[in-house]
Amino acid sequence: MLAFANSYTSGALNTQFSGSVVATAGPKTHAATPKPTLTSGTLPESWIQRALDQLDDIAKLGPDWDSYGADPPSSLAITIASELLLIVNQKFGKLAYEESQPQIVAPRPDGGIQIEWGTRPVEIAVHANPSGSLGYLYINRQGDISEYKEVSSASWSEVLQLIAKVVFTVSR
Amino acid sequence: MNKEQEIDVDQISDDDLLYRRFHPISLRRDGSITYAAYMRPKTTIPDPEISVNLAIKTTPEETLAAASPIFGLGMLKVGDIRRMGFTVRYSPSRGNKAHCIIEGAKTEKDCHLLAEITQVHTFPPSRSNT
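Residue numbers (this note's numbering), protein chains in the order written: chain A, 1 to 172; chain B, 1 to 130.
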């Protein structure tokens, strides 16, 4: 399983990302870790368009969107989240269409975006932080011992590898 | 200590139910709620004092009516919460005689465990048909 996951999260990823689907009005800064880029092309008809539409809606949220004083979503977090969704769709969507579809795409009260994949026993919640970094909560309860891993700042390759583990474990 | 406060943790039975409101964005595609529903408001930090309502002292309608009409309602069993090592404390306020606090959530894992034992009682209005 790990080897399978690795094969989808490593290798040459030096092609150009064709541009953000989501409007990004904020200042341009860079994520803390190098991220893979996507080839250009037409978006396939799949869950990705719905997810990106959701992100567009989330990007329009103002302060206090949750009525508990939340910050508005950061444009950088929106950009990072949309790129992550596009990469997951491109890399895993054809082989595991249903499982590559996120369980949730949601704003976080700090201006970040949270995206979750999988269901019990293997799940991951990835958060695109307002600063542009990625973090996650990974849960694996396949064996006798439950594994919970909370990481506040992770590399793109680490995150994509874990998403692959979740997607391809759930799809078995 | 007034009469309401005399109901302490021992008098909340394992079979008692608690209500927890959740924002529609907390609802996952599989119908469960995300652990983010148990974070402290305005932050992404686990809420050490999670506000809930004791079902025997209120109704789902009353709990929902106390907030924005966009919210849904989750339900948890006290015994399930205690088995995970958390405590439930009765903490009534002037405007809410059903108010309780779940104490002990320190990590995202804790929030995830609570989300897992939360059943959706009432879907948010915008998601009722899904």
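Mixed in with the good hints, there may be bad ones.
As the list claims (entries may be wrong) - Covered stretches of chain A, going by a simulated chain B footprint (3 or more residues, C-beta under 8 Å):
hint	region
1	68–79
2	92–104
3	108–119
Claimed, not checked - Some, not all, of what chain B presents toward chain A, calculated at C-beta under 7 Å:
hint	residue
4	HIS23
5	ILE25
6	ARG28
7	ARG29
8	THR34
9	ALA36
10	PRO41
11	THR43
12	THR44
13	ASP47
14	SER68
15	ARG89
16	LYS106
17	GLU108
Claimed, not checked - Listed below are the simulated PhoX-like cross-link pairs for lysine-lysine, each with C-alpha atoms no more than 20 Å apart in a straight line:
hint	chain 1	residue 1	chain 2	residue 2
18	B	LYS57	B	LYS42
19	B	LYS42	B	LYS106
20	B	LYS109	B	LYS77
21	B	LYS42	A	LYS60
22	A	LYS149	B	LYS77
23	B	LYS57	B	LYS109
24	B	LYS109	A	LYS149
Derived by calculation from the structure, the hints in this document are not laboratory data.
Every value quoted in this text rests on a predicted model; they were computed, and no experiment measured them.
Virtual Cβ for every residue (Gly too), placed ideally from N, Cα, C.
Here is how each hint holds up against the structure:
1. 68–79: Contact hint for the region 68–79 of chain A vs chain B: holds, 4 residues under 8 Å.
2. 92–104: As far as the region 92–104 of chain A goes, the hint holds, because 4 residues have Cβ atoms under 8 Å from chain B.
3. 108–119: Answer holds; 7 residues pass the 8 Å Cβ test.
4. HIS23: holds, 5 Å
5. ILE25: Holds, because the Cβ-Cβ distance from ILE25 of chain B to chain A comes to roughly 4 Å (cut-off 7 Å).
6. ARG28: holds, 4 Å
7. ARG29: holds, 5 Å
8. THR34: holds, 5 Å
9. ALA36: Given a least distance of 6 Å, the restraint on ALA36 of chain B holds.
10. PRO41: holds, 4 Å
11. THR43: holds, 6 Å
12. THR44: Nearest chain A Cβ about 5 Å off; hint holds.
13. ASP47: It is violated, given that the least Cβ distance between ASP47 of chain B and chain A is near 11 Å, above 7 Å.
14. SER68: Nearest chain A Cβ about 5 Å off; hint holds.
15. ARG89: violated, 21 Å
16. LYS106: violated, 11 Å
17. GLU108: Holds, about 5 Å.
18. B:LYS57 to B:LYS42: violated, 28 Å
19. B:LYS42 to B:LYS106: holds, 16 Å
20. B:LYS109 to B:LYS77: holds, 18 Å
21. B:LYS42 to A:LYS60: holds, 18 Å
22. A:LYS149 to B:LYS77: violated, 26 Å
23. B:LYS57 to B:LYS109: Measuring from Cα to Cα gives roughly 30 Å; hence the hint is violated.
24. B:LYS109 to A:LYS149: With Cα atoms ~8 Å apart, LYS109 of chain B and LYS149 of chain A stay inside 20 Å; holds.
Of the hints listed earlier, those the structure fails to meet are numbers 13, 15, 16, 18, 22 and 23, in rising order.
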